[in-house]
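In the order they appear, the protein sequences are chains A and B.
Everything in the first sequence is counted per the numbering used here, starting at 1 for the first residue and increasing by one.
Everything in the second sequence is counted per the numbering used here, starting at 1 for the first residue and increasing by one.
Just to be clear, a hint being listed does not mean it is correct.
To be verified - Computed footprint of chain B on chain A; a stretch qualifies when at least three of its residues, placed anywhere within it, have a C-beta under 8 Å from a C-beta of chain B:
no., segment
1, 26-33
2, 69-83
3, 86-95
4, 154-165
Simulated from the structure, these hints should not be mistaken for lab results.
All values derive from a computational prediction rather than experimental measurement.
C-beta atoms are modelled at their ideal positions from N, C-alpha and C, and glycine is treated no differently.
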Amino acid sequence: MMPKNMIQAPRLRDTIATDPEEWAALMVLAQGGDGVAYRNLLVGITPYLRAIASRAHRNPSDAEDTVQDVLLTLHAVRHTYDACRPFKPWLAGIARHRVIDRLRALGRASAKEVTLELEHEAFPAAETNETLSFEVRDLQAAIRALPPGQRQAVTLLKLREESLKEASAVSGMSVGALKVATHRGIAALRQMLHERESKR
Amino acid sequence: MTDTSDLIESLAADARPVRAIRPPLVRTAGWLALAAAILLLLVVEHGLRPDLAEQLRKPSFLAGCMASAATGVLAAVGCLLGSLPDRSCRWLLLPLPTLLVWVSTIGYGCLTNWVSMDVGALRMGEAVRCFATVLAVSVPLSIAMFAMLRHAARLSPRLVTMTAGLAVAAMTSTALSLLHQIDATVMILAWNLGAAALLVALEGALGRSVLSRLARGSSLG
Chain A
1 MMPKNMIQAP
11 RLRDTIATDP
21 EEWAALMVLA
31 QGGDGVAYRN
41 LLVGITPYLR
51 AIASRAHRNP
61 SDAEDTVQDV
71 LLTLHAVRHT
81 YDACRPFKPW
91 LAGIARHRVI
101 DRLRALGRAS
111 AKEVTLELEH
121 EAFPAAETNE
131 TLSFEVRDLQ
141 AAIRALPPGQ
151 RQAVTLLKLR
161 EESLKEASAV
171 SGMSVGALKV
181 ATHRGIAALR
191 QMLHERESKR
Chain B
1 MTDTSDLIES
11 LAADARPVRA
21 IRPPLVRTAG
31 WLALAAAILL
41 LLVVEHGLRP
51 DLAEQLRKPS
61 FLAGCMASAA
71 TGVLAAVGCL
81 LGSLPDRSCR
91 WLLLPLPTLL
101 VWVSTIGYGC
111 LTNWVSMDVG
121 ALRMGEAVRC
131 FATVLAVSVP
141 LSIAMFAMLR
151 HAARLSPRLV
161 TMTAGLAVAA
171 MTSTALSLLH
181 QIDATVMILA
191 WNLGAAALLV
201 ALEGALGRSV
211 LSRLARGSSL
221 G
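With the hints as extra help, turn the sequences into a complete structure.
See below:
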């Protein structure tokens with residue numbers, strides 16, 4: 001006996017189906033190798049699958065991955081659909097399996113992995129670190145505002161942590177001049193940062 | 001990952017004709033017919049056990065035989081129904097009551113009769129001949145059952161695989177009870193359920209790749 005679904009099937013072939021009975025008719029055509037009907041069926045059921053997946057996953061990306069898993073599984077087991085039975089429970093059964101599988105996989109992943117927050121991220125080049133705090137930016141600006149001699153002394157001795165001897169060789173300044181320049185530079189920085197702080 | 005609309009287009013382009021599988025009860029009947037045919041061949045080749053009439057008068061033997069046969073039938077129905085997406089997985093529990101009855105009648109059997117000592121030599125015991133019968137029954141039944149359950153690899157294969165292993169074990173044990181004088185139930189359960197558990201473990205260890213490979217051919221059958 002020809003299944004009830006077959007009777008209306010040709011008329012539905014070229015439409016995007018939204019009704020489960022239309023889905024059943026299109027599935028029968030798809031089992032026969034009709035690519036157009038199959039495409040319309042898959043397009044028609046995708047919003048329904050998205051609704052199921054969205055209930056299970058907060059992350060839209062996980063939900064969409066689940067929808068794709070369901071579509072792939074449906075394709076692999078489409079021969080198990082019995083045209084004499086309703087289509088929607090068959091589809092919902094596949095969706096249930098895939099939703100559970102993805103939830104399990106996500107559970108396993110979250111048990112083994114640590115999510116990196118923004119502050120964990122660091123890059124070798126200073127300009128790529130967008131999350132530098134205001135204090136660091138203020139300090140850099142204050143160092144740039146120092147007179148050249150003091151800036152060089154502070155940079156060599158405090159930032160690069162070179163010895164007085166090394167800094168003297170690099171800068172050409174005497175050890176005594178470096179000590180004085182560093183002392184004055186630190187005092188000037190302290191003054192500038194204090195002024196900026198009081199302006200906020 | 002691919003965009004969903006692209007995926008739909010590629011799946012639609014692969015819309016080859018597929019033959020819908022037959023209803024689960026028809027498939028169960030086919031599998032049971034295969035089991036009956038194998039048993040008939042073994043009876044013709046080996047003959048029934050000599051003391052069968054006497055054994056059938058014992059309530060424990062009769063209960064064990066009937067329970068194992070019923071477990072085989074119900075496990076086959078359960079796994080073929082429970083493997084379908086639109087049927088409840090509770091179908092997999094269908095053989096549980098008869099399994100309990102069957103397990104309560106289990107004896108030691110082959111576990112104590114693998115080999116027998118002869119004068120200065122080690123001679124194979126009756127267990128080896130009974131093991132050959134186990135292979136003759138369980139291997140073709142397992143192949144047939146797992147071929148019918150290929151699609152389950154893409155859904156939820158673990159419990160389905162175990163129930164299928166139980167169906168094969170129960171039918172093998174029933175055949176052995178009618179053909180051999182020793183009780184090999186423990187060995188058969190260990191053999192078949194062990195094989196099913198191995199498949200489940202493989203599936204767990206290697207992801208879906210192993211059983212999915214079996215399932216790949218199922219889209220045309």
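Hints, one by one, checked against the model:
1. 26-33: holds (count 4)
2. 69-83: holds (count 12)
3. 86-95: Per the Cβ count (7), the hint holds.
4. 154-165: violated (count 0)
Of the numbered hints stated above, the single one contradicted by the structure is hint 4.
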